[in-house]
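Chemist: Listed here are the chains, written in short residue letters.
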Amino acid sequence: EDKVVQSPLSLVVHEGDTVTLNCSYEVTNFRSLLWYKQEKKAPTFLFMLTSSGIEKKSGRLSSILDKKELSSILNITATQTGDSAIYLCAVSQGAQKLVFGQGTRLTINP
Amino acid sequence: EAGVAQSPRYKIIEKRQSVAFWCNPISGHATLYWYQQILGQGPKLLIQFQNNGVVDDSQLPKDRFSAERLKGVDSTLKIQPAKLEDSAVYLCASSTVRGPYNEQFFGPGTRLTVL
Chain S
30 EDKVVQSPLS LVVHEGDTVT LNCSYEVTNF RSLLWYKQEK KAPTFLFMLT
80 SSGIEKKSGR LSSILDKKEL SSILNITATQ TGDSAIYLCA VSQGAQKLVF
130 GQGTRLTINP
Chain L
776 EAGVAQSPRY KIIEKRQSVA FWCNPISGHA TLYWYQQILG QGPKLLIQFQ
826 NNGVVDDSQL PKDRFSAERL KGVDSTLKIQ PAKLEDSAVY LCASSTVRGP
876 YNEQFFGPGT RLTVL
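Sequence lines, in order, name chains S and L.
Here my numbering is used: the first residue of the first sequence is 30, the next is one more, and so on.
Here my numbering is used: the first residue of the second sequence is 776, the next is one more, and so on.
By construction, these hints were calculated from the structure, which means they are not laboratory data.
Note that this is a predicted model, so its numbers are computed, not measured.
Cβ coordinates follow ideal geometry from the N, Cα and C atoms, glycine included.
A hint or two may mislead.
Said to hold, decoys possible - To list a few chain S residues with every Cβ distance to chain L over 12 Å, as calculated:
| no. | residue |
| --- | --- |
| 1 | Val41 |
| 2 | His43 |
| 3 | Thr47 |
| 4 | Leu63 |
| 5 | Met77 |
| 6 | Ile83 |
| 7 | Glu84 |
| 8 | Lys86 |
| 9 | Leu99 |
| 10 | Thr110 |
| 11 | Gly111 |
| 12 | Ile115 |
| 13 | Ser121 |
| 14 | Gln131 |
| 15 | Pro139 |
Unchecked claim - DSS-like, lysine-lysine: derived pairs with alpha carbons at most 30 Å apart:
| no. | chain 1 | residue 1 | chain 2 | residue 2 |
| --- | --- | --- | --- | --- |
| 16 | S | Lys85 | L | Lys819 |
| 17 | S | Lys32 | L | Lys846 |
| 18 | S | Lys126 | S | Lys66 |
| 19 | S | Lys126 | L | Lys819 |
| 20 | S | Lys32 | L | Lys837 |
| 21 | S | Lys97 | L | Lys819 |
| 22 | L | Lys853 | L | Lys790 |
| 23 | S | Lys69 | S | Lys97 |
| 24 | L | Lys837 | L | Lys790 |
| 25 | S | Lys70 | L | Lys853 |
| 26 | S | Lys96 | L | Lys790 |
With the hints as constraints, model all of the structure from the sequences given.
Modeler: Below, the structure written as C-alpha cells:
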C-alpha cells in the first residue's frame, strides 16, 4: 500500500528557532514530492522536488529530496509566528495522483 | 488569476440527510480533484476528473458518495445519506496537464459537520 509518513506530528518552538520537518514515502511510480502549508483550510503550494540532492529555497524555507533514502526534509530558519501552520508532504504518482502524509502541526510561540 | 472556488464554506446536517458541494476550478485547468480531510489527517483523494471523465475513483464510497463534472468545468460532490464519520473538510483542487509533474491548487474547502 502506498504511504507517506511525516514526523514529528506536532512541534512547538520559540520564535527565531530553526526547525526541520521530515517526510518519508513508500509509493509506486514516484514522480515528484510536494510540500504544502495549510493555515486554515486550503493547502498552499511551497515546493515541488523531482531530483535528488538539489535544494529548493524560498526565503527562510528550504527543502531537499533524497531518492535513495525515500525521504525529504523541509527546513525553516529564523521562525516567525506566521509560520505556525500544518505542513503537508505529498507524493505525486503516475496519472497525477497525490498521496498525502498526515501533516506536521508547527506552533511558533513568541 | 482567480483561484479555485467552493461553496458552501460550512454545512451542518443531521445523519441520513443529503448534502451537495460545488467547485469551480481555475480557468483552463483540465484536471479536478475532490479530497476528504478528516481532522488530524492529511487529505485523501476521493475522485479525480480529467475534463469530464473519471480518472480515479477507487477511494470514493460509491454507496453514498457521487460526483459529476458536466461540461468539464464545474463539479459537484454529493453525499446521500450522510453518516457521522463523513464529518470532514472537503477540498477541491485543480491542475493543468504539464507532463508528469503535478502542482495542484486548492480551494478554501467546505467544512461538513454531521450530527
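Chemist: Now tell me, hint by hint, if it's right for this structure.
Modeler: Results of checking the hints against the structure:
Against the 12 Å criterion, Val41 (chain S) stays outside the reach of chain L, whose nearest CB is about 16 Å from its own CB. No Cβ of chain L comes within 12 Å of the Cβ of His43 (chain S); the nearest lies about 24 Å off, and the non-interface call holds. No Cβ of chain L comes within 12 Å of the Cβ of Thr47 (chain S); the nearest lies about 24 Å off, and the non-interface call holds. Non-interface call for Leu63 (chain S) relative to chain L: violated, since the shortest CB-CB distance, roughly 7 Å, does not exceed 12 Å.
Remark: the non-interface label on Met77 (chain S) conflicts with the geometry, its nearest Cβ contact in chain L lying 6 Å away (cut-off 12 Å). The beta carbon of Ile83 (chain S) sits about 14 Å from the closest Cβ of chain L, which is more than 12 Å, so the claim that it is off the interface holds. Listed as outside the interface, Glu84 (chain S) is consistent with that label: its C-beta sits roughly 18 Å from the nearest C-beta of chain L, beyond the 12 Å cut-off. With a least CB separation of 17 Å from chain L, Lys86 (chain S) remains clear of the 12 Å interface cut-off, as annotated.
Remark: the non-interface label on Leu99 (chain S) is consistent with the geometry, its nearest Cβ contact in chain L lying 17 Å away (cut-off 12 Å). Interface exclusion of Thr110 (chain S) from chain L stands, the closest Cβ pair being 22 Å apart, more than 12 Å. Remark: the non-interface label on Gly111 (chain S) is consistent with the geometry, its nearest Cβ contact in chain L lying 19 Å away (cut-off 12 Å). With a closest Cβ-Cβ approach of about 9 Å to chain L, Ile115 (chain S) is found to fall inside the 12 Å limit, against its non-interface label.
Annotated as non-interface, Ser121 (chain S) brings its C-beta within 12 Å of a C-beta of chain L; the closest such distance is 5 Å. For Gln131 (chain S), the shortest C-beta to C-beta distance to chain L comes to about 5 Å, within the 12 Å cut-off, and the non-interface label is violated. Its beta-carbon lying about 25 Å from the closest one in chain L, Pro139 (chain S) satisfies the requirement of being farther than 12 Å from that chain. About 26 Å separates the Cα atoms of Lys85 (chain S) and Lys819 (chain L), which keeps this hinted pair within 30 Å; it holds.
A C-alpha spacing of about 34 Å is found between Lys32 (chain S) and Lys846 (chain L), which places the hinted pair above 30 Å, so the restraint is violated. About 19 Å separates the Cα atoms of Lys126 (chain S) and Lys66 (chain S), which keeps this hinted pair within 30 Å; it holds. The hinted pair formed by Lys126 (chain S) and Lys819 (chain L) meets the criterion: a straight-line CA distance of about 11 Å does not exceed 30 Å. Restraint check for Lys32 (chain S) and Lys837 (chain L): the C-alpha separation of about 23 Å stays at or below 30 Å, so the hint holds.
Taken as a hint, the Lys97 (chain S) and Lys819 (chain L) pair is honoured in the structure, with Cα atoms around 26 Å apart against an allowance of 30 Å. Between Lys853 (chain L) and Lys790 (chain L), the direct Cα distance comes to roughly 14 Å. Compliance with the 30 Å bound is thereby established for this hinted pair. For the proposed pair Lys69 (chain S) and Lys97 (chain S), the alpha carbon gap of about 34 Å is over 30 Å, so the pair is violated. As the CA atoms of Lys837 (chain L) and Lys790 (chain L) are separated by approximately 17 Å, the hinted pair is consistent with the 30 Å bound.
At most 30 Å may separate the alpha-carbon atoms for a hinted pair to count; Lys70 (chain S) and Lys853 (chain L) meet this at roughly 20 Å. Restraint check for Lys96 (chain S) and Lys790 (chain L): the C-alpha separation of about 45 Å exceeds 30 Å, so the hint is violated.
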